[in-house]
Amino acid sequence: MIREPALNSSSSSYTCVAIALHWLVALLIFFAWPMGVYMHDLPLSPQKLQYYAWHKWAGVTVFLLALLRLAWRAGHPAPALPEAMPRWQRQAATGLHHLLYLLILVIPLSGWLMSSAKGFQTVWFGVVPLPDLVGKDKELGHLLEEVHEALNFTLLGIVAIHVAAAIKHHLVDRDDILARMLPFLRRTPS
Amino acid sequence: MRARFMLSLALLGAALPAAAVEYGKVLPDKSQLTFTSRQMGVPVNGRFARFTTQVSFDPARPEAGKAVLEVDLASIDAGSTEADEEVAGKNWFQTKAFPTARFVSASVKALGGGRYEVRGPLTLKGHTQEVAAPFTFKTDGATGVLDGGFTLKRLDFGIGQGAWGDTDTVANEIQVNFHVVVAPGPTTPTK
Ligand code: HEM
Ligand code: HEM
Chain P
1 MIREPALNSS
11 SSSYTCVAIA
21 LHWLVALLIF
31 FAWPMGVYMH
41 DLPLSPQKLQ
51 YYAWHKWAGV
61 TVFLLALLRL
71 AWRAGHPAPA
81 LPEAMPRWQR
91 QAATGLHHLL
101 YLLILVIPLS
111 GWLMSSAKGF
121 QTVWFGVVPL
131 PDLVGKDKEL
141 GHLLEEVHEA
151 LNFTLLGIVA
161 IHVAAAIKHH
171 LVDRDDILAR
181 MLPFLRRTPS
Chain B
191 MRARFMLSLA
201 LLGAALPAAA
211 VEYGKVLPDK
221 SQLTFTSRQM
231 GVPVNGRFAR
241 FTTQVSFDPA
251 RPEAGKAVLE
261 VDLASIDAGS
271 TEADEEVAGK
281 NWFQTKAFPT
291 ARFVSASVKA
301 LGGGRYEVRG
311 PLTLKGHTQE
321 VAAPFTFKTD
331 GATGVLDGGF
341 TLKRLDFGIG
351 QGAWGDTDTV
361 ANEIQVNFHV
371 VVAPGPTTPT
381 K
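The listed protein sequences correspond, in order, to chains P and B.
Mapping the first sequence onto the working numbering, position 162 (from 1) lands on 162, and the numbers just tick up by one.
Each position in the second sequence, counted from 1, maps to that position plus 190 in the working numbering.
Misleading hints may appear alongside valid ones.
[Claimed, not checked] Covered stretches of chain P (in silico footprint by chain B; criterion: 3 or more residues with CB under 8 Å from a CB of chain B, positions within the stretch not fixed): (1) 48 to 55; (2) 110 to 122.
[Claimed, not checked] Some chain P residues flagged as far from chain B (calculated, every beta-carbon gap over 12 Å): (3) Ala18; (4) Leu24; (5) Leu28; (6) Trp33; (7) Thr61; (8) Trp72; (9) Ala74; (10) Arg90; (11) Thr94; (12) Leu99; (13) Leu133; (14) Glu146; (15) Ile167; (16) Asp175; (17) Met181.
These are calculated hints, taken from the structure and not from any lab test.
Here the structure is a predicted model, which means the values were calculated and not measured.
For every residue, glycine included, the Cβ atom is placed at its ideal position computed from N, Cα and C.
Based on the sequences and whatever the hints tell you, model everything.
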């Protein structure tokens with residue numbers, strides 16, 4: 001299944017596993033993010049409780065997939081960026097990727113702690129209870145809500161740059177960077 | 191002389207259980223009425239801050255025990271301000287029309303091993319149903335501690351109607367627990 005090129009050339013792709021995990025996490029975030037904003041403003045209703053639950057389940061799943069991703073990544077380095085790219089761009093890309101990894105770990109963590117502080121435990125898919133690492137504490141709950149929100153807007157900004165860069169590579173530079181994550185877009189046979 | 195002294199001691203010893211203390215003075219500050227609901231599989235704790243209890247219990251004669259509990263439903267802490275406001279409404283307790291819940295014991299029996307069971311009608315939001323609550327009795331210094339609870343099926347009492355009737359979101363079963371601390375003495379109503 002994994003069609004890894006023999007040579008780790010600049011146009012080589014990520015592994016199938018890395019690609020699958022990247023898009024799964026991205027999809028979950030595109031679901032959890034707007035859900036988070038929407039559910040927050042709803043009046044209390046069964047629907048609201050459901051949305052909160054789904055949001056948390058998706059968020060915890062992101063966290064677990066992020067761990068899995070990092071474990072996989074440790075054994076499967078990312079393909080090298082093209083030599084033609086300016087040095088600062090390569091550094092920026094790597095730096096932003098590290099930040100993205102960090103955020104998809106800390107955002108769920110902040111959400112989990114916030115829930116505990118607000119007195120609502122997280123039970124993954126209604127089946128696996130996560131321990132409450134902090135007790136019920138209104139002030140702390142409020143603070144963590146602000147932290148969760150701030151981290152999420154940071155993520156929004158970074159993903160915007162991330163996506164803009166990917167599109168620029170594809171349409172302006174016309175290289176294979178986007179295709180490394182979306183193999184069906186590949187223009188040149190690798 | 192000595193033998194008679196021993197005999198009276200032995201008699202006293204035998205008589206002790208029957209002369210056991212009756213516990214009737216509820217200590218409201220030490221007593222608690224809590225509950226746990228399940229929302230999307232998540233246990234959420236709440237409590238009632240104000241309730242009056244009259245309890246008289248003598249572990250030597252449990253069947254003579256009595257309890258009356260009256261709960262001020264507006265004193266609920268349902269886990270969040272949002273929830274407190276919601277449960278006062280028409281779909282839930284409808285606190286304006288039904289401000290209190292009342293339980294009166296009809297019988298108490300011993301289950302053995304320090305465990306007992308109290309039974310009686312519970313009236314909540316205009317509905318009356320018999321409930322049975324197992325409890326334990328322990329002495330703690332001079333006071334007695336009754337710990338028990340029962341599962342309340344909220345829909346039997348019309349609690350959480352309308353959209354909230356969906357028990358997949360908020361489970362029908364609510365675990366209600368009481369922790370009542372009583373001092374020896376005759377029954378006195380407490381607030
Ligand atoms: C990558 C995963 C996650 C993303 C992208 C995310 C995103 C968001 C966003 C955008 C909001 C709205 C912030 C606002 O405008 O107020 C939010 C709120 C919230 N999130 Fe998350 N979240 C994630 C994970 C989690 C997890 C794992 C939990 C809990 C276990 C969680 C619990 C919450 C809660 C409870 C709120 C609502 C706070 C409130 O309004 O009371 N989130 N989330
Ligand atoms: C919330 C959403 C997203 C997150 C958290 C995220 C995160 C990441 C991370 C951490 C990497 C680095 C992978 C590694 O080197 O191990 C990466 C790579 C990549 N992402 Fe995303 N991503 C998201 C959405 C997107 C979207 C929407 C696109 C496309 C428009 C995209 C395109 C890419 C591409 C092309 C790469 C490979 C870059 C390279 O070859 O160096 N990502 N992403």
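Going through the hints against the structure:
1. 48 to 55: With 4 residues closer than 8 Å to chain B, the region 48 to 55 of chain P meets the three-residue bar; holds.
2. 110 to 122: holds (count 5)
3. Ala18: 33 Å, holds
4. Leu24: Holds, because the least Cβ-Cβ distance between Leu24 of chain P and chain B comes to about 23 Å, which exceeds 12 Å.
5. Leu28: Correct as stated: the minimum Cβ-Cβ distance to chain B is 18 Å, above 12 Å.
6. Trp33: Trp33 of chain P is indeed farther than 12 Å from all Cβ atoms of chain B, at 20 Å.
7. Thr61: Check passes; 15 Å lies beyond 12 Å.
8. Trp72: 30 Å, holds
9. Ala74: 34 Å, holds
10. Arg90: 45 Å, holds
11. Thr94: 39 Å, holds
12. Leu99: At roughly 32 Å from the nearest Cβ of chain B, Leu99 of chain P sits farther out than 12 Å, so the non-interface label holds.
13. Leu133: 16 Å, holds
14. Glu146: 17 Å, holds
15. Ile167: 38 Å, holds
16. Asp175: For Asp175 of chain P, whose nearest Cβ neighbour in chain B is about 46 Å away, the distance exceeds 12 Å, so it holds.
17. Met181: With a cut-off of 12 Å, Met181 of chain P remains clear of chain B, as the shortest Cβ separation is near 34 Å.
In summary, the structure agrees with every hint in the numbered list given earlier.
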